[in-house]
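Residue numbers (the numbering used here), protein chains in the order written: chain A, 8 to 418; chain B, 8 to 418.
No wet-lab data here; the hints were simulated from the structure.
Small disclaimer: the values here were computed from a predicted structure and weren't measured.
Honestly, I wouldn't trust all of these hints.
Any copy, or any two copies together, can satisfy a pair, since identical chains are not distinguished.
What the hints assert, rightly or not - The list that follows gives simulated cross-link-like pairs (lysine to aspartate or glutamate, DMTMM-like), each with its CA atoms no further than 25 Å apart:
| hint | residue 1 | residue 2 |
| --- | --- | --- |
| 1 | K196 | E328 |
| 2 | K71 | E395 |
| 3 | K71 | D305 |
| 4 | K71 | E56 |
| 5 | K172 | D39 |
| 6 | K196 | D39 |
| 7 | K71 | E317 |
2 protein chains.
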Amino acid sequence: MATAWAHRYAQRTKRMSSSVIREILKLTQQPDIISFAGGLPSPDVFPIEEFKQACDVVLSEQGKQALQYSITEGYPPLREWVVQRSSRYGINIDIDNVLITSGSQQALDLLGKVFIDPGDHVLVEGPTFLGALQAWNAYGAEYFTQPLDDDGLVIEGLEKVLAEKPNFMYVLPNFHNPAGVTLSGERRKQIVELAHQYDVPIVEDDPYGQLRYSGEHIPPLVVYDDQCHGEGNEKYCGNVIYTSTFSKILAPGIRLAWVIAPKDVIRKMVQAKQGTDLHTSIFTQMVVYEIGRDGFLDRHAKTIRAVYGERRDLMLAAMEEHFPPNVTWTKPEGGLFLWVRLPEGVNAQDVLEAAIEKKVAFVPGAPFFPYQGGENTLRLNFSNASHEQIVEGIKRLGEVLHQELAETSKV
Amino acid sequence: MATAWAHRYAQRTKRMSSSVIREILKLTQQPDIISFAGGLPSPDVFPIEEFKQACDVVLSEQGKQALQYSITEGYPPLREWVVQRSSRYGINIDIDNVLITSGSQQALDLLGKVFIDPGDHVLVEGPTFLGALQAWNAYGAEYFTQPLDDDGLVIEGLEKVLAEKPNFMYVLPNFHNPAGVTLSGERRKQIVELAHQYDVPIVEDDPYGQLRYSGEHIPPLVVYDDQCHGEGNEKYCGNVIYTSTFSKILAPGIRLAWVIAPKDVIRKMVQAKQGTDLHTSIFTQMVVYEIGRDGFLDRHAKTIRAVYGERRDLMLAAMEEHFPPNVTWTKPEGGLFLWVRLPEGVNAQDVLEAAIEKKVAFVPGAPFFPYQGGENTLRLNFSNASHEQIVEGIKRLGEVLHQELAETSKV
């Protein structure tokens, strides 16, 4: 391509760097690698037969509608399903509070498009979801980073950052990706109150809410936001934008998720989505509605929880057995990930290189921080590997860690 | 939502106004309205049985792959299908020149994300595709507008605008939406040469290329770009970014399209797409590949051409019979639209209001211009209405036009 021009766009997109994780995933797609790197659901639990039946029903009964252009907001019965399901969790909304998106990644992209101008700041957790940074880097976002501990986002120091007026704050309350921690109920309440006080909206990303294997359900932040649960046209007009997805409770390959927000925010996001992809595949929306309409997703979530919960327990037990004593990790109550902290001075990137030699892969923690930090941390996924792979992979990783720590005199 | 914040985002998104067309479509969804307003394909030609079979085959044979996360670039066999199909039209590429997108609208959005910073200029035709303006307004684009005549984009004056260095130029060569005109071969050659001379990339949007009902095929601009058809890694590295879609030759509701571009551009668009929606539904991609792999789309295009060609002829004949003599219109050789020019001083918006009274709808031409112009023009769609609706609707519209022109003393 013409060179002067190529240079121009290279400058323009320099921040849109390819995802580190996806590069690692490419490396680890060799079949003999045991990978704890991705965030893949287990294909063993995909309800393939239910998809087949639903495709047949939708195309037989409503084929013309399923293949024609549709409205940007999403398939009304599916949005109504979201309304009904949300009410179980105490989220009091109506259909105009719901937007269907092409995966949660698109929800994050649309939030960037609506809310971020170059140089604007977003308050994120450190570490945070890499896909959010990718989405918002493209809009020229800068970040304030607030640390996590075992109870989630740390409250100390939060007011000071909120006073800097970030455009919004981004929180993953349940079974954090990558950190594996869950935000306590007390902190959820405090965060919602502080966000109101400082007039900073909260984006609550909850892909794993239904995947709890132990402990007690904690209501989402949006439920703690009781400043404005009105009726009718203003049913929900609070300060929290909530997003969740069908990727973890059904299948990720279909790219289907939803956003719950005040109606004025939904309207802006709908406008942004019109110019972005017009609408999400109406065929897919109708198929997923057909699968989910009779309560299948609740029954299916139980199956998934049983499978993943067992894998989590197995991985935690294997780590206990094989990891050096001065390595620590989170004990997630759900989700797909846990987070490992190595002694200060040990670089997880070096550990990865040694692990790849032994045919085990994971993701180093540093890319999950917007600017710096986390060099001695790493993320492990426990949902995608088989029992045998988990046991063998953690054993090998333990050997690598013992060796690396010995070399850096940390054992 | 918190008011100070609501004001802030209202400012930020003021250009992201809702599509005029979609607002009109809402008005015209009353069942007794004859609508020439939308750009909907006819659902009568959707291959519903083929979709059913393909869903069954894909889920039965590759269900786990079809429901799992996939790569951003798109399903490799579908991209290979694009490569093979393109070679028939003289486009010499390989798989790394192809990106699958969630409809052409996403291709336009990704181009905006990669190439446009606020205040940058894009060279568009006047009139141009409204969806492109929507996509690029969100990135703060400004526009240079170059007029169309019956042979497409006017060459006179083009050099002067190219010398202003727009980030790219946007051209719809075949059966233009909304104008219905086709860019001549001679002009395609000239435009490609001028674009090279001024180092301005061309975005060639070709959703209707296969829908020609009369006249001779003209090669796409990308074929005239012979500066750089190399081999291997640099198979295509020219100056044209080409996009087309499955929406018009298969079904729009599934949101599936593709981009052909030099590999460095594809790489940037892949990075942008990662942060935008990770990937397009792999299930949908596999289903469409299954439908298209044996040549079905060529056979199906013949069916569509027969149906739409007849509707075009019927509409043109009815206009000839019923429209006032000082109203003119384009005679499209394909596509879905024709463009009507009323006498100067007649406002198509007023005509629309009178037409809605008579239960006929169309889209006024002004919104298809980025800043101003086209007040006395309008767009008619001929693909979606039945024969009876076309005859009756054009008759009523003729009555409205006679009356409106008489009132403004233009008859």
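**Message:** One pair to classify: K71 and D305, alpha carbons no more than 25 Å apart. Within, between, both, or neither?
**Reply:** between (30 Å within a copy, 21 Å between copies)
**Prompt:** Is the C-alpha distance from K196 to D39 at most 25 Å within one copy, between copies, in both cases, or in neither?
**Reply:** neither (46 Å within a copy, 52 Å between copies)
**Prompt:** Can you tell me if K172 and D39 fall within 25 Å by alpha carbon in one copy, between copies, both or neither?
**Reply:** neither (49 Å within a copy, 52 Å between copies)
**Prompt:** Checking K71 and E317: alpha-carbon separation at most 25 Å within a copy, between copies, both or neither?
**Reply:** between (43 Å within a copy, 21 Å between copies)
**Prompt:** Is it within, between, both, or neither for K71 and E56, if the alpha carbons may be no more than 25 Å apart?
**Reply:** both (23 Å within a copy, 11 Å between copies)
**Prompt:** At most 25 Å between C-alpha atoms: does K71 with E395 qualify within a copy, between copies, both, or neither?
**Reply:** between (47 Å within a copy, 20 Å between copies)
**Asked** Taking 25 Å as the upper bound on the Cα-Cα distance, should K196 and E328 be classified as within, between, both, or neither?
**Response** The answer is neither: 38 Å in one copy and 70 Å across copies each exceed 25 Å.
Hints 1, 5 and 6 from the earlier list are contradicted by this structure; the remaining hints agree with it.
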